[in-house]
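In order, the protein sequence lines correspond to chains A and B.
Mapped onto the UniProt record's numbering, the consecutive letters of the first sequence carry residue numbers 1 to 830.
Mapped onto the UniProt record's numbering, the consecutive letters of the second sequence carry residue numbers 1 to 230.
It cannot be assumed that every hint is accurate.
[Said to hold, decoys possible] With a straight-line cut-off of 30 Å between C-alpha atoms, the simulated DSBU-like cross-links for lysine-lysine are: (1) A:K816 <-> B:K75; (2) B:K134 <-> A:K418; (3) B:K12 <-> A:K816; (4) A:K816 <-> B:K111; (5) B:K134 <-> A:K816; (6) A:K418 <-> B:K75.
Just so you know, these hints were derived from the structure itself, not from any lab.
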Amino acid sequence: MRTWMADISFALRQLRKAPGFALLAVLTLAFGIGANTAMFTVLENVLLRPLPYAGASRLVAIQPGPGTDSPRATSWLDYRDIRHGLKNVAEVAGYSDDLAVVQGKDTSTAVAAPHVTPSLLRMLGTKPLLGRTFTPQEGLAGGPQVVLLSEGIWRKVFHSDPDIVGKVIHISSVPHTVVGVMPASFGFPEEEGSSTKTAIWLPLQPTHAMLTKRGYSFFLILGKLHPGVSMVQARAQLHLVSKQLADVNHDPARDGNFTMLSYAKTVVGSTRPVLMGLFAALLLVLLIACANVANLLLARAIGRQQEFAVRVALGAGRARLLRQVMTEGAVLSGLGCVAGFALATAAIESVHKLPPDTIPRMSAIHLRWTVVLVMAAIATFTTVLSSLLPAVMVSGVDPQATLQSASRGVGTRSVRGKLTAWLVMAEIALSTLLLVSTGLLARTMWNLEHAWLGFQTTRLTTFQVTPPNAAGFSGMSVSSNLGAPPTSVAVLSYDPVLARLREAPGIENAAYTTMLPLTNSLIQSSFSVVEHPAKKHHEPQALMTAVGGDYAKLMGTPMLRGRMIDADDKASAPPVAVINEEMAKKYFAGRNPIGEHLDLGGKDTGIVVPPVIVGVIANERTTSMEQPAQPMILLPGDQIPTTSLFYQALVDSFQNFIVKTRGNIPVAREVRDVFDQQAPGFALDNFQTMQTVVNQTTFNQRLGLDLTASFAGMAILMVIAGLYGVLSQFVGFRRREIGIRLALGASRQQILRMIFRQSLMLAGYGLGCGLVISMVAGRLLRSFLYGVQPFDLPTYAGVLGLLLLVSVAAAVWPAKQAASVDPMATLRMD
Amino acid sequence: MIHLKDIERSYKTGTGQAWVLRRIQMQIAEGEFVTIMGPSGAGKSSLLNVLALLDDQWEGEYWLKGEPVHKLGRKQRADVARREIGMVFQSYHLLDDLTVAENIDLPLSYKSMPRSERQAMVADTLDRFNIVGKKDLYPSQLSGGQQQLVGIARAVIHKPALLLADEPTGNLHSGQAKEIMELFCELNEQGTTIVQVTHSDANAAFGSRVIELRDGWMIKDTAPAEVTAS
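Pulled out of the complex, with its shape left as it was, chain A reads as follows (with noise of 0.2 Å):
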């Protein structure tokens, strides 16, 4: 024990003799360890925590079609089908995402409101902070009237209402009886992201058209393994009986392909490939820390030399040499993790800071004890691999070669010369591996910022509007009322809001779409051309959206062909309809669209009158820059029946109101004042710039771009100071060479280019390796570029190009300091 702590003291010691070398050593330690101890909490709390459920390893997602990372809807009579069948999942319930206005005393709040089955919060197993859960009969048709809230909104809008359980609220004007308040670590559905810190849950009641309709997909389907049965145990089950859901249903187009995957997968999603990327960046970054950081301490082994003779002379055993010198490595590791942990630390609050939902799970991000275990280890690892070497050199000293001959210096084909140069070379190839990848994200970033949205953003603001009475998408039917239909909400309130908006201070014009393009709001029907019908149950889908207000003028989407929808398409003239290019394109090619009619389902989703298609719009982004435009079709609001499903779907749950501003100027006052005369009790929110909605879409991209530019940053200030430091190590070591070149005849520009060619060669050794690498790595890379090929030219270019100056820069004080030797001195004639 006395030995150890005289191991540590002695080390204390070294370091306090040299404090450049050692705050080098622990600031690159530093940033290696804290980095990657940040980028495992992350992946710890998003990827490897469970959910916070009870059994939250067996959660399953049942969807239709094939796996995708996204949650997919299918029918509830596909849902009650299931649940009969599968007899190795211990539970199968369902839920459906949607939305409601919570109208409190003073505000109505848009709020996420998904619909579930009593059944799936018990199946989670989380208890309320307040009340009970849904009970079987509420989840009945036509059973009560009952919502259980978050904690969330229960402190905002309720104001932490300890009597609030019993008590009467509207939702959507309807009144509710609260039965619960869930405590705000529940966060179902996960998929929602930060949504659920405010949401309400309502208990689904099925409707008659869930009740009929195998094609009314909003459900989502949630099951939980019993303990014991493997997934692929389930999934052959699943396949059976989705089998025979095909076969009893006689619908050949539905494969009756479901499949299952973890719960956990979905909420994640496309994140984790991103969050996997960015630690294998940040693990290069640490292994060229530890390359560095190695190189220092070989050349103080190496400087060191005598010290060691002496020991050995005086009787220490490479034993513990090796142990003296893995102390000091230790030592200078455990300083590293202490500053590493504080870097961490600062990490993980500035993740806090990103927007809402920027990955998943973010606010349950924090250090645990298991990422301390974690940054143990990395500390160990990288004592291990820094110390090691250097440990092994100075262990296998001569001493009486050492202490007897006169330093005759390191040469550069010496064993310890070239592991240095070997250490250099490798850092440099790291470096070209992480800078070719920021090229490629650069080049696919500019790519995104350049790419054709379809729409212009120049001074357009948004905004979504819920009505009061919003009846969301879970309660959609088509109504069998034989009375007067009811006036749409478009007719009543969205048109003269409108009109209104064109008249405020400050606002150009205005429209709405059920539909903004690059957000998720995505509505899918089936339908079929008239004149040309597709085959029963072979109907193609098509995105649809009501628009009002002249949207494409708005937008400046160009009109290919025909007019698009305008004022004069009132409810009472002839139902018309606008499709997209990319809908002309697959289902119209060869002929002219305008004219023809669409079957939109007649009786059964209430759209009886097929509209005529009176124009084509041009394609806008829908989904995401990556993906290209989906067939769409286009309703006029205030023509879709108030009877239909379409209306509810379309019209009556949300609306995206887009107005256009005289300049770069915030209108939602304005905005809020007009609907408070107009359409009093209306929910308004997320007002931002189409700027920024489009901006969103690329803030992955942007944000993987950035860290990887840092690490890539941080990797080239590493490069250059090894490469620096290991070519003054090489003057150092070559200062008897160097003087005798000199007394010889050696010129100093002599001197200065043999140095600058030695720091190109090992920058080119090590580039040459790091192209290669990148090449073979560059194929991990193709999901996440646009418009780019993983070999790209251009970018290989740029960086062999950079690496170059750098290693030419690193050697300039090295070559400064080799040319400036002198050859009297270093050849000790006195």
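With chain A's structure known, arrange chain B on it following the hints.
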């Protein structure tokens, strides 16, 4: 060949200046074999540094083959040294990472000379010194005497007019030392002017003239009077 007039060299110390060479007057004719002797700190190596043009902080006049070195700039002096002077060191100062042939080639590599010509000269020198069989060995694989032999070969490959040797046998045993000194005699007979620094009277006996230094002053010169006259 060499004419030194009022050569002085000093170093700044904390309190003032330390003189290592004081008013050295010296003439060395072509073909002479001169030994510089004196106790430790006498200024022998300092004088050798001046002669080798490695030191340029001295004062006075230095003429080498009629050329006023004291009037030349640093680059010009380096050119003169490269052309006219060869040096042999006590510690051999061979480069450990270069083979024998590469060490010998080193001075030639700093001249603008075709590679084939250099290779021919190296081959001749290896043959002349009977070390052809060792051309691919590294210094660490040679004995001390063999290393010094290579050092001498390197010093004379470019046929310098002046060969300077600083304690050339200091690290050798007597047998090897004798061989080296005999080689110097042979080179001197072939026309090379040699100036050696040594503590050894035995080595001094191989030369034809002894210059003695003490505390930076030249106190003795066994040269004939017409040579020492300024």
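Okay, the hints, checked on the actual structure:
1. A:K816 <-> B:K75: holds, 17 Å
2. B:K134 <-> A:K418: holds, 25 Å
3. B:K12 <-> A:K816: Answer holds: B:K12 to A:K816 is near 25 Å, not above 30 Å.
4. A:K816 <-> B:K111: holds, 22 Å
5. B:K134 <-> A:K816: Roughly 36 Å between the alpha carbons, so the hint for B:K134 and A:K816 is violated.
6. A:K418 <-> B:K75: violated, 34 Å
Against the hints set out earlier in the document, violations occur for numbers 5 and 6.
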